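Trainee: Protein chains in written order, with our numbering: chain G, 161 to 274; chain P, 403 to 517.
These are calculated hints, taken from the structure and not from any lab test. Note that the structure is predicted; figures quoted are calculated from it, not measured. Just so you know, even glycine gets a beta-carbon here, dropped at the ideal spot from N, CA and C. Among the clues, some could well be false.
[As the list claims (entries may be wrong)] DSBU-like cross-link-like pairs, simulated, lysine-lysine; straight-line CA separation at most 30 angstroms:
#, chain 1, residue 1, chain 2, residue 2
1, G, Lys209, G, Lys269
2, G, Lys209, P, Lys473
3, P, Lys411, G, Lys229
4, G, Lys269, P, Lys411
5, P, Lys473, G, Lys269
6, P, Lys411, P, Lys459
7, G, Lys261, P, Lys411
8, G, Lys261, P, Lys473
9, G, Lys269, G, Lys228
10, G, Lys269, G, Lys229
11, G, Lys228, G, Lys209
12, G, Lys261, G, Lys209
13, P, Lys416, G, Lys209
14, G, Lys261, P, Lys459
[Claimed, not checked] Some chain G residues near chain P, calculated using beta-carbon distances under 10 angstroms:
#, residue
15, Asn201
16, Gly222
17, Gly258
[Said to hold, decoys possible] Distance ranges between label pairs, derived from CB positions:
#, chain 1, residue 1, chain 2, residue 2, range
18, P, Met429, G, His242, 27 to 37 angstroms
19, P, Glu481, G, Pro200, 28 to 38 angstroms
20, P, Met429, G, Glu224, 21 to 31 angstroms
21, G, Pro239, P, Val517, 44 to 54 angstroms
22, G, Ser172, P, Thr456, 11 to 21 angstroms
23, G, Thr215, P, Pro463, 13 to 23 angstroms
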Amino acid sequence: AQSVTQLGSHVSVSEGALVLLRCNYSSSVPPYLFWYVQYPNQGLQLLLKYTSAATLVKGINGFEAEFKKSETSFHLTKPSAHMSDAAEYFCAVTRPGGYQKVTFGTGTKLQVIP
Amino acid sequence: NAGVTQTPKFQVLKTGQSMTLQCAQDMNHNSMYWYRQDPGMGLRLIYYSASEGTTDKGEVPNGYNVSRLNKREFSLRLESAAPSQTSVYFCASRDLSRGTNTEAFFGQGTRLTVV
């Protein structure tokens, strides 16, 4: 079985402050991990993905995430929040070997305060 | 580049009515998925199709049926809509020919209200 847990359904940060969105995974085999962003009334777009090649993954819009096996975590960070970062963020997990299912977390809504 | 296209974008149904949500992708992906999104529950998998002619249940299949019409199209049918099926429905596709670390591409969603 595989799952992801996102801590905090709502996170508020000031414009220019650090963004930290938390994701912990559970998987019986080494996972593949993703972060997606959803803007209001839109579908999900990929921010970044962990492919086992490097533990620190850089994505679009200045976001990055670090895979930590010892902590079973894949937290999303951005050094300086921008108003345009306000959206909902989803962590997701799948498995290697042709596994079809992708399991999503419950999402974290990011509010950026001017 | 259309990507994944869903129709309709919005729909209001009365309890007991039926409808089909359409999804088409132009990326030549083998795998296609239907998810529903509800507040506080993230995305939950309804059905998926690993290839043309095959479909499998996800975690919340009750009340739904699917058809993989061809490689491009994957439709979701509600035979007798219930208020509990009020949700936002997303179709997605993936290319697993390059390994399972490939991301899913999503449509814009269908907002369904059952009254």
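Trainee: Compare the structure with the hints numbered earlier in the document and write down the numbers of the violated ones, lowest to highest.
Mentor: 3, 5, 13, 16, 22, 23
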